[in-house]
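The listed protein sequences correspond, in order, to chains A and B. Quick note on numbering: UniProt numbering labels position 73 of the first sequence as 73, and the sequence is numbered without any gaps. Quick note on numbering: UniProt numbering labels position 88 of the second sequence as 88, and the sequence is numbered without any gaps.
If you're looking for bench data, these hints aren't it; they were derived computationally from the structure. Positions of the beta carbon are idealized from the N, C-alpha and C atoms, including for glycine. Be aware that one or more of the hints could be misleading.
Listed below are the simulated SDA-like cross-link pairs for lysine to any residue, each with C-alpha atoms no more than 20 angstroms apart in a straight line [as the list claims (entries may be wrong)]:
1) B:K436 <-> A:L330
2) B:K251 <-> B:T205
3) B:K436 <-> A:G214
Where chain B lies over chain A, by a calculated footprint (3+ residues, C-beta under 8 angstroms) [claimed, not checked]:
4) 49-62
5) 164-171
6) 235-242
Over 12 angstroms on every C-beta distance to chain B, these chain A residues come out as not near it, computed from the model [claimed, not checked]:
7) I35
8) L138
9) S161
10) V195
11) L252
12) V291
13) I295
14) G302
15) G311
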Amino acid sequence: MPPAAAALDGRALAATSTPAGSPIRAAGILAALAIAAVAVPVVADDYWYNAILIPFLIMALAGLGLNLTMGFAGQASLGTGAFMAVGAYATYNLLLRVPVLPLPFSLLGGGLIAGLVGLVVGLPSLRIRGFYLVAPTLAAQFLIAWTFNQVGWFSNYATSSAISAPHLALLGRDLSSPAGRYALTLASVVVVTAVAWRLVRSRTGRDWRAVRDGETAAAIIGVPVSRAKLSAFFVGAAVSGVAGALWAFAYLGTVDARSFDLDRSFQAMFIIIVGGLGSLSGSFLGAAFIVLTPILLSHLSGTILGTGLDGGQIANLQRVVFGALIIGFLIKEPNGLAALLGSLVDRLRRLAHRPDPLGED
Amino acid sequence: MTRLARTMRIVALAALLGTGTVATAPAGDAARQYFPLPTFRVGAYASSGIPVWAGTIDYLRYINEVEGGINGVKLFWDECETEWAVEKGVECYERVKGGRDGSPVPLFLPHGDPVSKALTEKSVADKIPLVTTGYGRTEAIDGRVFPYSFTVLFSFWSEASSAINYIAEQVGGKDRLKGLKIATVYHDSPYGKETQIPLDLLAKTYGFENIQIAVPHPGNDQSAQWARIRQIKPDWVFLRGWGVMTPVAIKTAAKTGFPVDHIIGGIWSGSEEDVRPAGSVGKGYRAITPFPAGQDFEILKKIKAAIVDKGLSDLKDPKSFGSVYYNSGVIEAIIAVEAIRTAQGRFGRKPIDGAQGQWGLEHLVLDEPRLKALGAEGLVQPLRLSVKDHEGGGAGKVLQWDGTQWAAVSHGWVKSDRDLLLPRIYERAAAYAREKGITPRGEETAEAIAR
Chain A
1 MPPAAAALDG RALAATSTPA GSPIRAAGIL AALAIAAVAV PVVADDYWYN AILIPFLIMA
61 LAGLGLNLTM GFAGQASLGT GAFMAVGAYA TYNLLLRVPV LPLPFSLLGG GLIAGLVGLV
121 VGLPSLRIRG FYLVAPTLAA QFLIAWTFNQ VGWFSNYATS SAISAPHLAL LGRDLSSPAG
181 RYALTLASVV VVTAVAWRLV RSRTGRDWRA VRDGETAAAI IGVPVSRAKL SAFFVGAAVS
241 GVAGALWAFA YLGTVDARSF DLDRSFQAMF IIIVGGLGSL SGSFLGAAFI VLTPILLSHL
301 SGTILGTGLD GGQIANLQRV VFGALIIGFL IKEPNGLAAL LGSLVDRLRR LAHRPDPLGE
361 D
Chain B
1 MTRLARTMRI VALAALLGTG TVATAPAGDA ARQYFPLPTF RVGAYASSGI PVWAGTIDYL
61 RYINEVEGGI NGVKLFWDEC ETEWAVEKGV ECYERVKGGR DGSPVPLFLP HGDPVSKALT
121 EKSVADKIPL VTTGYGRTEA IDGRVFPYSF TVLFSFWSEA SSAINYIAEQ VGGKDRLKGL
181 KIATVYHDSP YGKETQIPLD LLAKTYGFEN IQIAVPHPGN DQSAQWARIR QIKPDWVFLR
241 GWGVMTPVAI KTAAKTGFPV DHIIGGIWSG SEEDVRPAGS VGKGYRAITP FPAGQDFEIL
301 KKIKAAIVDK GLSDLKDPKS FGSVYYNSGV IEAIIAVEAI RTAQGRFGRK PIDGAQGQWG
361 LEHLVLDEPR LKALGAEGLV QPLRLSVKDH EGGGAGKVLQ WDGTQWAAVS HGWVKSDRDL
421 LLPRIYERAA AYAREKGITP RGEETAEAIA R
């Protein structure tokens with residue numbers, strides 16, 4: 001690697017991520033994993049699985065996919081919904097038409113097919129930069145939904161073009177219970193996140209950030225710009241595709257293309273903007289905020305205001321509060337919840353290590 | 001109650017201790033029947049949600065206030081806002097499915113095609129019947145494969161068939177359908193395409209020409225579609241719209257010179273909210289619906305006297321009283337209440353659960369004398385549900401817009417060709433069962449389980 005590239009890589013890395021090997025961070029991740037895998041199944045009921053944990057994890061994954069494309073590689077995309085749809089329909093057809101394939105391979109296959117579609121959708125990025133790139137991804141969003149709606153083969157000629165999860169099983173174990181679907185979702189999210197974590201710290205990830213932070217500079221120092229852009233689209237779409245397949249089969253059970261409309265793409269984009277562009281944990285924080293806050297508000301208002309007030313006014317009030325919260329958070333920390341959490345952790349660490357003048361790093 | 005709700009309550013209570021106000025929770029009374037309402041009062045479909053849920057709530061209030069509950073079992077309910085979105089609807093369903101204050105959930109009104117699909121399998125696992133009136137998966141008529149989905153009243157296939165039968169009524173018999181050109185202008189979505197298969201079958205049976213014209217969502221420009229219609233010159237147009245598509249279709253039809261009184265709207269193109277925006281050119285437009293509009297039905301007069309005039313109504317805009325949407329809410333509530341009453345006849349006068357609700361629905365009989373006793377004659381079509389028939393009716397009334405309101409113009413209820421359609425529906429249900437690995441239950445086993 002030429003020295004200039006190495007320097008740029010180093011700068012980009014330092015600019016985007018808190019120290020990777022930090023023990024607090026590692027402990028936090030391990031604790032979260034332990035809670036998700038061990039504690040949750042002990043206490044959670046159907047409501048927690050079906051209404052909170054599963055949609056939260058899946059939208060975090062969808063946000064993660066978009067974050068790789070948009071947050072790390074700087075390629076703006078409104079195609080997340082479309083890639084999720086491709087992942088869902090591809091997985092459905094693999095499960096239906098290649099029944100010998102075990103479930104994880106069908107999911108992976110669905111993700112890869114979504115990645116290939118993402119690659120094609122990403123081709124205009126070679127000529128178009130910045131926000132103008134949103135336009136072709138928007139076109140993909142409409143075109144792909146239209147295709148699934150029109151071509152009966154994709155939905156096995158169902159009356160309403162809806163696809164429905166075939167029986168979910170792995171190694172003879174039934175996964176159709178809420179706990180089983182949660183396990184499937186959690187396992188997929190952990191594996192994909194681990195892969196993404198490795199990837200953003202690899203050469204590819206450094207190339208992505210170099211392209212994001214300065215395309216011309218990156219090209220001059222020898223970063224393969226086209227390959228970086230296309231690989232960002234491929235990986236991002238593949239991750240979103242897995243999320244889409246899980247959305248269809250682990251969460252809703254039966255979906256049609258409407259589940260993956262433009263609103264879903266916007267939702268993914270809001271998740272990473274609120275959570276933090278270019279931050280893996282930001283995808284999770286953003287998803288927690290965007291997916292769970294409305295539910296929390298709805299529970300709170302039901303309890304505080306009771307049933308006396310008009311339902312419509314209560315619902316509108318919740319939206320106002322939710323909107324105000326988003327604005328408040330973004331004013332407090334324009335770089336998203338991940339940065340907010342990072343500065344909070346830093347402050348705590350400084351409190352703990354006050355006598356040490358050198359700090360952690 | 002779910003764990004989260006309980007936690008939330010504790011948090012909220014702690015917060016309230018500071019302010020000094022106390023939320024009034026309804027006193028726990030074991031003899032009351034819980035009836036959750038997944039309302040949608042905000043979002044894109046609020047304009048239909050507000051009158052629909054007002055109709056439902058007003059009827060439930062009427063049952064409580066005037067009749068003292070169902071056989072003495074009073075109803076209580078809470079609202080969960082879905083914004084007509086799938087995830088929110090699923091969240092609401094999960095929140096309420098465990099029942100409340102000791103009462104289980106007898107049945108659930110998902111009120112939305114996507115959410116009813118997402119709940120299809122969950123409802124089987126939870127044993128909670130989904131009642132979908134005028135929407136939902138047509139194959140769910142086969143209760144052997146879809147034990148907890150109830151497409152009561154009027155499926156999309158029946159809608160198509162009844163529309164054709166109404167045209168036959170107009171031209172003087174089914175044998176005169178031969179050679180007619182009937183164009184279906186449909187919303188290009190899963191819902192819009194639902195009628196393609198039955199119309200194809202009906203066209204082959206009766207020999208009319210079946211023309212399908214798609215309108216992409218949302219349908220606010222249809223000049224191309226109506227230019228094509230001008231070229232084809234169909235005898236009738238069957239309009240299966242959604243949202244803004246319907247008024248735009250009526251206006252564009254009038255502009256291109258197609259007679260508006262030869263357009264028959266479908267279930268979701270047949271409300272006041274669909275025609276009024278079209279203005280004066282909407283006069284003469286017809287629509288087929290299982291939800292006839294009007295304030296003259298006996299039960300509506302009773303609701304007006306006991307609820308609306310006493311200021312107890314949920315309706316904010318009194319103009320909507322007796323509208324298609326308001327009446328659809330009343331009709332849904334009547335079906336729900338009568339299903340609970342039927343289940344009570346079998347399982348005792350107490351709050352009933354979902355499995356008993358399923359029994360009540362599958363044994364629901366609303367014949368002419370019963371409807372007369374309810375005051376719902378002409379408002380609700382005669383229904384008789386069974387394990388093999390979760391639709392029970394399959395007829396619609398044709399209404400015509402006179403510029404300010406709807407008037408019924410068909411001879412009573414226009415029946416669909418169920419004998420022709422049902423075998424095809426059962427075939428599709430069987431195919432679904434094969435794909436999903438479901439063993440269809442027999443009619444006897446259903447009875448045995450109930451016992």
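Do the hints match the structure? See the list:
no.	hint	in the structure
1	B:K436 <-> A:L330	violated, 46 angstroms
2	B:K251 <-> B:T205	violated, 33 angstroms
3	B:K436 <-> A:G214	violated, 51 angstroms
4	49-62	holds (count 4)
5	164-171	holds (count 4)
6	235-242	violated (count 0)
7	I35	holds, 15 angstroms
8	L138	holds, 15 angstroms
9	S161	violated, 5 angstroms
10	V195	holds, 27 angstroms
11	L252	violated, 4 angstroms
12	V291	violated, 8 angstroms
13	I295	violated, 6 angstroms
14	G302	violated, 7 angstroms
15	G311	violated, 4 angstroms
Against the hints set out earlier in the document, violations occur for numbers 1, 2, 3, 6, 9, 11, 12, 13, 14, 15.
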